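Undergrad: Spelled out from the first residue to the last, the chains are:
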Amino acid sequence: MSVDCEVERAGAPPLVAATERQYLERSLAGLRRAAPEMSAHAVLSRRQQVVLGVAAVTVLACLGYDFLLTLQVLVAGFTLFYTLTLGYRLVLVGRGMRGEHMVRVSDAEARSTPDEDLPVYTVLVPAYREPQVIGKVIASITALDYPADRLDVRLVLEADDDETIAAARASVGSAPVTIVVVPSAQPRTKPKACNFGLQTARGEFVTIFDVEDRPEPLQLRRAVVAMRRCGEGYACVQARLGYFNARQNLITRWFTIEYGNWFGLLLPGLVSVGAPVPLGGTSNHFRTDLLRDLGAWDAFNVTEDADLGMRLARLGYSVGVLDSLTEEEANCDFVNWVKQRSRWYKGYLQTWLVHMRRPVVVHRELGWRGGLGLHLFVLGTPLTALINPVFWLLTLMWYAQQPSWVSHLFPPATFYLALGCFLLGNAAVVYLNLVTTRLMAQPGLLAAAVTVPLYWVMMSAAAFKAVFQLVCTPFYWEKTSHGLTTAAGKPPAEKSFVTRPLVEKPLAKPLAGKPLAKPLAAKSQGLIETGSVDGVM
Amino acid sequence: LDVTVVVPTRNESTNVEELLRRLDSELGDLDAEILFVDDSDDDTPSIIIRAGADSSRSVRLLHREPGHRAGGSASAVVAGMRSARAPWAVVLHGDPRHPPELVPVLLDRGRTSGADLVYGSRQPGRYQTSGAFPGRRTLAATACATLARIAFPGRLKNITDPLTDFFAVRLGAVSLATLRPVGHKILVEIAARSKLSYVMAVRYSSGTPGPVTGTASCRDLFRFLQHLLILRIDVAGGRLQQLARFLAVGFSGVLINSAALWLLTTPWFHVPYLLASGAATHVAIVWNFTLLDRFAFRKVRRRSFLNGLVRFWLVNVALLPVQLGMLAVLVEVWALAPVPANVGALAVIFAVRYLVTLGWVYGWRSTPASEVVAATAAPHILPGNSTPAPVASRAGRGHQYLRRHRYLRGDRPARAGAPAARGPGRYLLRLALPPLATLIAFPSTVLVPLRVGISTSALLGMGAVGAAALGLTAARAAPRPGEPDVHDRQLDVILALPLLGGATWLSLGWPGTADADQPLSNRGVLALTLFLAGASLLLLGTRLAGRLHRVLWLPLLGLPWLADRSGLRVLLIALAITGAGREMARYRRRRRQDRTQGARRCGRSQPLPRLRASAVAVAALAMLLAGSALAATDTSATPAPHTDRHPIHHR
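Residue numbers (the working numbering), protein chains in the order written: chain A, 969 to 1505; chain B, 67 to 717.
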């Protein structure tokens, strides 16, 4: 893996044009060529178009045949899906609370690996139009506790972004940072840049950080230990993400709670039930060779990370959640937040559609647990946000006016299910947020945890935007502006996610239902520390 | 090939060589050809051929024999542009008014900014005119320019100097085949007949005296006027033809509609007549659109068929209730007979439909966006008075805006037609739009205090609330320092739709109506508040509307429910006023800080897209008509005492 000469080092000649073209071509179409059915370059496959068309015609025909009954069935179906999603979340949280499925590496263990045993580690930092923030990344990289000669940091910048390139050149200095310039090409997405950077990577492991990220200093060492401990079957460990500007305003508070919930409880829960884990955008640590073999990220998917998580699961690899925190900048601005969230939702929908191109195959590959995760988590997250306002409106109309047609839509069975969701479900989710703030040891977020229904309204707006964009501009990357925070970056209160181990038992069959993962089950037995909570306090 | 320099010449044997030499040196590395279009009767052609042979560049000569010179120098320019081989043409006359040094500048501006046309505009007043009437030529030129701009208020709107004949043009943007020039003034012809999306002016100053790109004699003046008249008739003629075709298609649509209705209601299909009418309408909509797309609007088509069809369908669906409401108003309020009322309503709807189809479905855009820049490269070369003209700052901001949005929208070319310049007046107008729309949509609710008469204390309260609203608006209209300049139109629409829907539902979707004794109803005020919020989101954008959210709540103070609780009302009014006062104080403090730091803040804002304005206008109009129709029926009906209570359904 020696491709040093082809990369633009300080003073060295830039990437040879032919190689550059080849890299670009590969980073754009690598996955699409290797496995077209895995790439989101077309939103719907031909078969999906047919199925969707037939479904639409059927629904229309049914509406024409018996309007009310069809609507009743639709409402019942959505209510059922909603209930299942909610129930699934609660199960995941319950599993996640046990704290079994987080890979924990103690400080001592992380430091104990001698420097010469550490592999070369590639850190990719893609950035576009962030000249103000680019300097900060150098600071976070130099703060990493990892030998500089084994660190291969690559700032991946876009060719037309002169400002950031200039700012990066100015701030690099003597830091072990290489600037990789990606030639302009559409679609201009983060995965394309990452793919390009990956092809120049020298490391045995590779990870991604965003520009504004502040990874915990020991994270790379922990990841090395964790990857070695878990064995070949683990393609990736995902570090937890948190926010350094949690207290800035109400939106960042909600966002922080949500992230705490997501990475601290839901993702470990997913690991625990054997469902595929949608990766987070940054701080996921991969084996470089494996990632290249898999075709890396899908340049056409706007949540390439979640898609990669699904793909890994389908190929039989596991993903661990690493107990190490990377702090990001929480989006503090409403409009900006909606843009970011709509991109996520759009990406989740894209991902679900991509992996539902051949449902039978996918279910065979993932097993029923995995399939359930795919539907109820990857589709469920955006879909519940879409359904929510419809049901709220119906509720509101009912209380305001009591129109009879609303009562006709909800026959008793549906009605009691929906009522249960509305009362118990919402209460449970709010309670869950309270629990999360407790686990994060951040009592300051209490008020935000209680007012979280307002946050759901924002989510719904984002979900509608996502659907609109999925139809109109599926590959458009809704850029999130960074550097809006005013927080000076206080050290966070929490260091580790405190979950009390309720049941102390080793992972019995962590990879049940994953037929391709032959060598893994035995290896991972007992390798993950179950229930230990070192690094706490 | 980068550029073709078109030089019309007529008996200019003395300065052709010099011009060619200067052009050659100024064009530098550009891959350019020089094309002389010659109408001379002297030895100019032979000189051009000789000089061209010496030049390293490709020099071509297009000599027009005496019988083929109709249209004067303007037609020579067009002939040159038609035979040009490069994507860009720069038109340059071989006289001192047009410095060849500016040719690369014009070209560079055009290619980097994405403009269709870049014209050189000479700074006026930088030289002395001589003669008995020093101002005469300037006056004539100004008059001609003004006339031209009056004749084409849209297409020449942003072109400050339509008489100039020194410009660079992207040949792809000009419909060369349709040009029929007369006289000298080719730019008017091009701008009037082509759809330019983005025009840029480069100001330059030259010390050489000469006419202000103006007309020289009375004959020229008359020729210009004649040209203008012909041009106007021609361009309007196209429009008239289009209108006629639109009308024809509309009539054919009526026939198709009737035929479909008849077919569906025959015993063969036996569809209920209302359902059949709906279906027939849709058949007619598709029929009309297909014909319009292929027939009436073929040349201006810019969207895919499906996209256009969806828009056309929306227009028709939105106009249907407007038509019915108008009919109801005409019949019930103005007591017209149904048939003439129907004809009148149809005529109005036809005009509205034509305009909306032209504007919204087919992206009618005759006003090019423009900006003015100074020729920074040229002045130091020019002889004489050569101070660079100041860059027009407002237009410059517009261009920055375009740039920014081009990037934000992911490298798509900027939507041409975005307003290039926005001053504070325009900003204030924008702020006034949502309340105006609300006033139009809820005239009775807003004007009710005037109708029923008002007590002094209530007047005082209203005045206080109005003052608070003004204060809050003034304080919060400008963005806070450090507030991100991130906007999202999709979000604006997504948030506004439920609010506008709620307003519609509250005002129309309720069985029973308000009490006749009660001028204001709780529901009406609530609907008004929702409508105001929705209109603000649409017209001002989420960010500005969010900043003004306190103002948007103020109409709730007019709730009749509060009237019985005067203590609470006084408290809320006091809260509003103190809030406004606090904001004003904060605003002044910030202003002072800004001034000390030397920073000038201006109201950054997104432009008001025509689509949203028209959407709100249609909504307001529909509500107005529907509301008045309802009101008319209410007053005619006997007031039923209990109809405003919700019918309660026991299950």
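Honestly, the hints are just simulated from the structure, not real lab data.
These numbers were taken from a predicted model, which means no experiment stands behind them.
C-beta: ideal position from N, C-alpha, C; glycine also.
You may find that some hints are simply not true.
What the hints assert, rightly or not - For each label pair, taking beta carbons as the anchor points, the in silico distance ranges come out as:
#, chain 1, residue 1, chain 2, residue 2, range
1, B, Ser-121, A, Ala-1107, 31 to 37 Å
2, A, Leu-1422, B, Phe-335, 49 to 55 Å
3, B, Thr-644, A, Thr-1419, 23 to 29 Å
4, A, Arg-1326, B, Gly-220, 50 to 56 Å
5, B, Gly-304, A, Ala-1029, 42 to 48 Å
6, A, Leu-1422, B, Gly-532, 46 to 52 Å
7, B, Arg-631, A, Tyr-1399, 45 to 51 Å
Said to hold, decoys possible - Selected chain A positions facing chain B (Cβ under 7 Å, derived; list incomplete):
#, residue
8, Ala-1003
9, Asp-1301
10, Lys-1307
11, Gln-1308
12, Trp-1424
13, Met-1426
14, Lys-1433
15, Phe-1436
16, Val-1439
Unchecked claim - From the derived model, a few chain A residues whose C-beta atoms are all more than 12 Å from chain B:
#, residue
17, Leu-1020
18, Asp-1034
19, Arg-1282
Undergrad: The hint says 49 to 55 Å between A:Leu-1422 and B:Phe-335; measuring C-beta to C-beta, is that right?
TA: Holds, at about 51 Å.
Undergrad: Do the numbers back the hint for A:Val-1439, that is, is its least Cβ distance to chain B under 7 Å?
TA: 12 Å, violated
Undergrad: Per the hint of 31 to 37 Å, is the separation of the Cβ atoms of B:Ser-121 and A:Ala-1107 within bounds?
TA: 59 Å, violated
Undergrad: Can you verify the interface hint for A:Met-1426: is its Cβ closer than 7 Å to any Cβ in chain B?
TA: 10 Å, violated
Undergrad: Close enough to count: is the Cβ of A:Phe-1436 nearer than 7 Å to one in chain B?
TA: 6 Å, holds
Undergrad: Could you see if the CB distance from A:Leu-1422 to B:Gly-532 stays within 46 to 52 Å?
TA: For A:Leu-1422 and B:Gly-532 the Cβ distance comes to about 30 Å; the hint is violated.
Undergrad: Check the following: the C-beta atoms of B:Gly-304 and A:Ala-1029 are separated by a distance inside 42 to 48 Å.
TA: 46 Å Cβ-Cβ, so the 42 to 48 Å window holds.
Undergrad: Do the numbers back the hint for A:Asp-1301, that is, is its least Cβ distance to chain B under 7 Å?
TA: 5 Å, holds
Undergrad: Restraint: A:Lys-1433 near chain B, CB-CB cut 7 Å. Satisfied or not?
TA: 5 Å, holds
Undergrad: Given a hint of 45 to 51 Å, does the C-beta separation of B:Arg-631 and A:Tyr-1399 actually sit inside it?
TA: Violated, at about 36 Å.
Undergrad: Confirm or reject the claim that B:Thr-644 and A:Thr-1419 have a C-beta distance inside 23 to 29 Å.
TA: Distance hint for B:Thr-644, A:Thr-1419 holds at roughly 25 Å.
Undergrad: Grab the minimum beta-carbon distance between A:Leu-1020 and chain B and tell me whether it stays above 12 Å.
TA: 16 Å, holds
Checked against the numbered hints above, the structure violates hints 1, 6, 7, 8, 11, 12, 13, 16; every other hint is satisfied.
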